[in-house]
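Protein chains in written order, with my numbering: chain F, 1 to 336; chain X, 1 to 260.
Where hints are given, some of them may not hold.
[As the list claims (entries may be wrong)] Partial chain X-side listing against chain F, Cβ under 8 Å, derived:
(1) W89
(2) L135
(3) M137
(4) R138
(5) A150
[Said to hold, decoys possible] With a cut-off of at most 20 Å between alpha-carbon atoms, the simulated SDA-like pairs for lysine to any residue come out as follows:
(6) X:K235 / F:G101
(7) X:K235 / F:T242
(8) X:K235 / F:S4
(9) X:K235 / F:H122
(10) X:K235 / X:A165
(11) X:K235 / X:R156
(12) X:K235 / X:A161
(13) X:K235 / F:S132
(14) X:K235 / X:A153
(15) X:K235 / F:A124
(16) X:K235 / F:Q179
(17) X:K235 / X:V225
(18) X:K235 / X:L160
(19) X:K235 / X:P158
(20) X:K235 / X:I217
(21) X:K235 / F:A216
(22) X:K235 / F:A87
Just so you know, the hints here were simulated from the structure itself, not pulled from any lab data. Only a predicted model underlies this, so the values are computations on that prediction, with no experimental measurement involved. Think of the CB as a built atom: it goes at the ideal place given N, C-alpha and C, for glycine as much as any other residue.
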Amino acid sequence: MGISCRSLRVTDRGRHRLAVDFLEVADGETVAVLGPNGAGKSTLLRALAHLEPAAGGEVLLDGEPVPPAQLRAAVAAVLQRPVLQRASVLDNAAAGLRLRGMRRARARLLARPWLDALGIAHLADRHARTLSGGEVQRVAIARALAVRSRVLLLDEPFTGLDATTRADLIADLRTALDQSTAAVLLVTHDRDEAAALAHRTALLLRGRIRQVGATADVLDSPADLECARLLGYTTHLPSELTGHDVLLVARPERCRLVVPGGAPARHGVVVAGTLRRVVPLGGTTRVDVDTAAGPIAVLTTTEVTTAPGDPVCVAVDAGNARECPPRDAAPIEDTA
Amino acid sequence: MGAVDVLLDGLLEAVRLLLTGDEDTWSVTALTLQVSLTATAVALLLGVPFGTALALGRFGGRRVLLAAANTGMGLPPVVVGLFVTVLLWRSGPLGALGLLYTPTAMVIAQAVIATPIVAALTAAALQQVDPGFLLQMRALGATRMRATAALLAEARLPLLAAGLAGFGAVVSEVGAAQMVGGNIEGQTRVLTTAAVLATSRGQFALAIAFGLVLLAIAFAVNLFVTLAQQREEAKGAGAPATEERTAPGSRPSGAARSSS
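Looking at chain F on its own, in the form it has when it is part of the complex (with noise of 0.2 Å):
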């Protein structure tokens, strides 16, 4: 049991914004919707908190469809921007529970300890002005994990933050949503938050559902090319090329540079092709090679003897090249 949706549309100036068929986030397990920016991600969560008005379909909790109000209740949601009061820290991880008629005291009582799960409990008496970005984003999540809810929704909640604060915040939630029995829908456009954090995964593309499952299989399997360039295959290797029936993508940092006639593939495919540029990107190194079929991109952490304009094998093991259909998924306007 937990929150779901049926037929959910979201309209803007007669326009679809979203149209998703069914969605469900158990209770205890966590969702990752992933997407790029402009995709939906937002105005879904905030349709599922009845924050936005649905043009169509309905919010159901535990399979019943609820009124607004209850729904609401079951729900807590840090959005995209925190924004937090004008009061002290502790203050602020307990004003989800005053704004559902909590006394001061008691709220403040039941948030501290979210406040210690989030690494901030020695912030707790500072006036939230004075935070930074990434404690500003801890209080802002203690505050709606302090209100126990059912439903817990997160929209990009590590955006903004260095990769070393986004690194330890993610392992504190992680931490902190296994203690949890709330359904959690976490909206985000990075897979690797995905991974860390999400049972289940949902790729959104333009405002529609095109895949969901297990988050290991859903970021190693793409379901077609646009899911294929979200999940990062983005080095694509079509059927002229290969001498396959389909296109086959890869991520370009499985993808190896050979030289001609040299050890094949284990399995796999060799598409020959000319040097066009040598990126240093620092660590690893970016190598743009031209086909018979245009560009495609290798990323490598070995060094690059082959000069611009030499010709070049890209190699990609059988474990690495993913089959993809021809053609994308219909955009929502078509079929909603």
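Dock chain X against chain F, hints included.
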């Protein structure tokens, strides 16, 4: 006698009047506070909800009303006094109530002056809070009512200033108080009308005494509000500043904003 002597004498006389607890001066002061504080309270009761609706509401004519409230901040007290007098005149629409030349009439007139000030400043105060504030409160499960209450609490300092501006406007006005109150000794005489009368009679010392009391009231009220504001600000600035400093609750700042 030169002008400086007049002022000096006036100051000395004023201090004597105040220190010796001159009964007339204190009764006039008491009535002034009573009338203007009541009028401010009425203006807050009307102006805060009205200003909130102007800031948050989505209804036709909202902008026109907002412009009207902003214009109302500069309502000439004499004009307000004139209209209230006409309304309360014995043969006027509300003449049967017999309110003209009573403190109640002065409260009405001053409330009319202060309400648009409170409303316009309330709207401005609420619009300065982060635009995402209400949505975030609602996202935490707050009802519309509780979310609005949280927003008002968030804007408490500018709201305090709105009330202060309303009080400052009415305690210092003379036109409406004179017109609807009539400056009747012991009944409707307030500090401003008393100062005008004393001056016209050449009793400069008395006039200056009234003026000083007025200034003292204004200072006391401002001191109270300023101290409250500074205390609040100090809370927000007490801790060491960190590198990525954000200002939740104020306008969205670059650091706190995410780009996606």
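Tested hints:
1. W89: Where the cut-off is 8 Å and the nearest Cβ of chain F is about 48 Å from X:W89, the hint is violated.
2. L135: holds, 6 Å
3. M137: The hint holds - X:M137 has a Cβ within 8 Å of chain F, the shortest such distance being about 6 Å.
4. R138: With a minimum Cβ separation of about 6 Å from chain F (threshold 8 Å), the hint on X:R138 holds.
5. A150: With Cβ-Cβ at 6 Å, under 8 Å, it holds.
6. X:K235 / F:G101: The given pair, whose Cα atoms are some 26 Å apart, is violated under the 20 Å limit.
7. X:K235 / F:T242: violated, 66 Å
8. X:K235 / F:S4: Violated. X:K235 to F:S4 sits at ~43 Å, over the 20 Å cutoff.
9. X:K235 / F:H122: Cα-Cα ~16 Å, so holds.
10. X:K235 / X:A165: violated, 24 Å
11. X:K235 / X:R156: Status holds; Cα separation ~15 Å.
12. X:K235 / X:A161: holds, 19 Å
13. X:K235 / F:S132: Between X:K235 and F:S132 the Cα gap is close to 16 Å, so the pair holds against 20 Å.
14. X:K235 / X:A153: holds, 16 Å
15. X:K235 / F:A124: Holds. X:K235 to F:A124 sits at ~13 Å (cutoff 20 Å).
16. X:K235 / F:Q179: violated, 34 Å
17. X:K235 / X:V225: Distance of about 16 Å is within 20 Å: holds.
18. X:K235 / X:L160: With Cα atoms ~18 Å apart, X:K235 and X:L160 stay inside 20 Å; holds.
19. X:K235 / X:P158: Status holds; Cα separation ~16 Å.
20. X:K235 / X:I217: Not satisfied, since the Cα-Cα distance of roughly 28 Å exceeds 20 Å.
21. X:K235 / F:A216: With a Cα-Cα distance of about 47 Å, the restraint between X:K235 and F:A216 is violated, given a limit of 20 Å.
22. X:K235 / F:A87: With a Cα-Cα distance of about 9 Å, the restraint between X:K235 and F:A87 holds, given a limit of 20 Å.
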